[in-house]
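Make a model of the complete structure from these sequences and hints.
If you want the building blocks of each chain, they are given just below.
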Amino acid sequence: MTINIPMTAAGAVLAMLTFSVAQAEDGYDAPAGWPSPVVEHNMAMALFDRLEYAVPDKGDEALVWDFQAWYGGDVNRVYLKSEGENVQGDGEDAEFESLELLYSRLVADFWELQGGIGYQGGVFSDDHAERTYGVVGLQGVMPYGIETDLALQVSDEGDVSASVEGEYDLRLTQRLYLQPRTEIAVAASDVEAFGVGEGLNSVRVGMRLGYEVTRRFAPYVGAYWEKQYGDTADLARASGDATEDTGVVAGVRLMF
Amino acid sequence: MARSRVITHPLSRRQILKGGAALGLGSAAALGLRPSWADPWGQTNAYAKGVEEGPEVALAIRRESLPIAGQQTHPISINGTSPGPLIRLKEGQDAVLRVTNLLDEPTSIHWHGLILPPGMDGVPGLSFAGIAPGETFTYRFPVRQNGTYWYHSHSGLQEQLGHAGPLVIDAAEREPFRYDREHVLLLTDWSFEDPMSVFRNLKTAEGYYNFQERTIADFFADVREKGFSATAEMRSMWAKMRMSSRDIADVTGSTYTYLLNGHSPQENWTALFKAGERIRLRVINGSAMSYFDVRIPGLKMTVVAADGQPIQPVPIDEFRIAVAETYDVLVMPEDDTAYTLFAESMDRSGYARATLAPREGMEAEIPERRQIADRGMEAMGAYGMAGMDHSGMAGMDHSGMEGMDHSNMQGMDHTSMQGMDHANMQGMDHSSMAGMSDERNGMKASGMLAAGAAQPGSRYDQAGIGIDPDERRMLVYRDLKAFTPWADRREPGRELELHLTGNMERYMWSFDDKKFSEVTGPIHFDKDERLRLILINDTMMEHPIHLHGMWMELENGQGELIPRKHTLNVKPGERVSALITADAEGSWAFHCHLLYHMDAGMFRVVKVS
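Residue numbers (the working numbering), protein chains in the order written: chain A, 2 to 257; chain B, 149 to 757.
Misleading hints may appear alongside valid ones.
Partial list, computed: chain B residues near chain A (C-beta under 10 Å) [claimed, not checked]: (1) N358; (2) M652; (3) R654; (4) F751.
Honestly, the hints are just simulated from the structure, not real lab data. Every residue gets a Cβ at the ideal spot worked out from N, C-alpha and C, and that includes glycine.
This is the structure in structure tokens:
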């Protein structure tokens, strides 16, 4: 199920894209069979913004990823986004915090409106609770160059949640950069299976120092602080987890 | 011919080249010449990559393994060289150019700057279907002009692979200047990356090739120089716009090797001369993406032609050459010494270099490269005022003009202006504002400016970003002045305004916010109408705008003696105008000559009917 739905949706969106980039060629009187003098190309790119090993102060060590890829033209694109982790030594397989397939449309110079479906649960396993959800988001760059990803999710059970992520690259040299990063999650209702409580769920703040060996390959080290709030914190306490933690990370930023 | 020495006479040149077999190697040796493709002496019209003499020329296009900058690579070659050979035609000839495509994809050759029948212009999809693999296409056209031009592929991104070369047309009548020797200098930008991956990098990762971004160190340097609040305000303005003030070139020396006649700076191609000679340098910017600032330390240059058309001599120290432009300059080295031909890329990320010397194996000092400049007010103005309606300005009456500088100024943040340094203030439009009052007198009853008058918002007296006008005498558009008025002296019957637009973040480029794929039809010119084309650059990049098939008479304020050009450089935020006589029936390409801008959609079709 988790594979089929995204694939069907991908097919549908791709068909739409192909349609919308077809060239308008009226009025040029060019004989049939002549090519267009300028041909637009669809592009594709994939980015592991974070692919890192996290060593928390209190919790378990984990391999964490934050991935996105797109295919399409200047205005219409299909995105595949995923965040997740594989907690080390818990005997469970990796988990998608999110795996999303989105249609994306450029709505302003710096902003894309995105919508699609998402999946949360185990990666090829039943180790984790699963749910699917619909998602609407806004991805872009705020004034002052803050890269922003805002998303609103409605799960198959009707649970509503939202998240905002922001990051900023401060250039120390032409290749060395400092990247502050923040992530805030809120929810409209309790969903115990996922450790989500109503209201502000969590805040995570991090700082990474990266070095661009090439534009496509940048190893980094960093540290973060995270805290859970309200009912979410209560749920964490109930299952014996810390509600506040700090940690260090080492990883790479990879672009293909 | 104007050339004074026997050795430079066209007859001897032809004897050497065409009657090579008859003359035999001995004669060439007696004249001290090596085969023309390697000859640095110039007077034989030798060009580093060989010469094809008209009127009948055969050209074979191949993809082959050749060394560039000492490294074996895979460019597109024309008759075995990349960039291609010099094509030499003579005014009055009927040229027959047979182009054979030995690539595994379609190709084409466009004769840049030549006025010719629409079917011979070489733009696939407009002039013809293109040249299919294995096919030969024969271009036939009468040669009705003279000067320095060039040719290049108009198919996809082939030009970036070296599919380009110089084209020189010898004048039928005496040119308004004389010289003893000439050299063709073709500037190109070569990348060992595949052009499609260069394009993909631009499309998927903004600033991919810019390794001269502002860093925290620049911030502190500015704080020391200008104080904290001024620096913070300036930076905050740029940060708010989400743009980089160091965005001078999209593709830089981080991937490009800048070539002069196909040779890297290290290879040091040498052009020979004898002390006391007057040398004509035909400089062509055949780059895909790179503007250059060209100078020869120790030598004054006299510009005698722009885009192949003669202009009244302008003595200068340096000139900026936009992509696709050509300039002819005369130099007269008095001393028996070497001079460096130095072409620094506009973003200062690299340079092309050759040596002008009395003997082979000599070299002169290579100048230090300048530091990259930060874009200032002019580029920001472009951004901030993109939404403003400039259209009324040209036709404004007195009150309107007063209104203009107010509205302009309101568009800018007064508080932050305190934060500007003086260098940036140069970018501001003092010139055109002052010029405006002058032009009031020239205003026609129709509300349009008189033919030849400079538009308010033009900056023809500035060379552009990264130039200190006090450092040395730099050529500016205002300097270009024709010898005699062009034939059509009619006032323009109408004005056509086009905005140069783009989205830097997405690498989308367009006219009037519409990419080529988004427009539904051509721009229409009425046959034989006289019109004024106004180009308004709403972006913060320079754009070299090229019209095929017809000249653009650049209204640089020289009245009757405005120069005519095939490619106009429009600086960020600038408003530039040209008069056009629409005498060439057919469909013509009109586009930004930055290759990746064109391919991203900054292209239109002009249909004259």
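Consistency of the hints with the structure:
1. N358: 9 Å, holds
2. M652: 9 Å, holds
3. R654: 5 Å, holds
4. F751: Given a least distance of 5 Å, the restraint on F751(B) holds.
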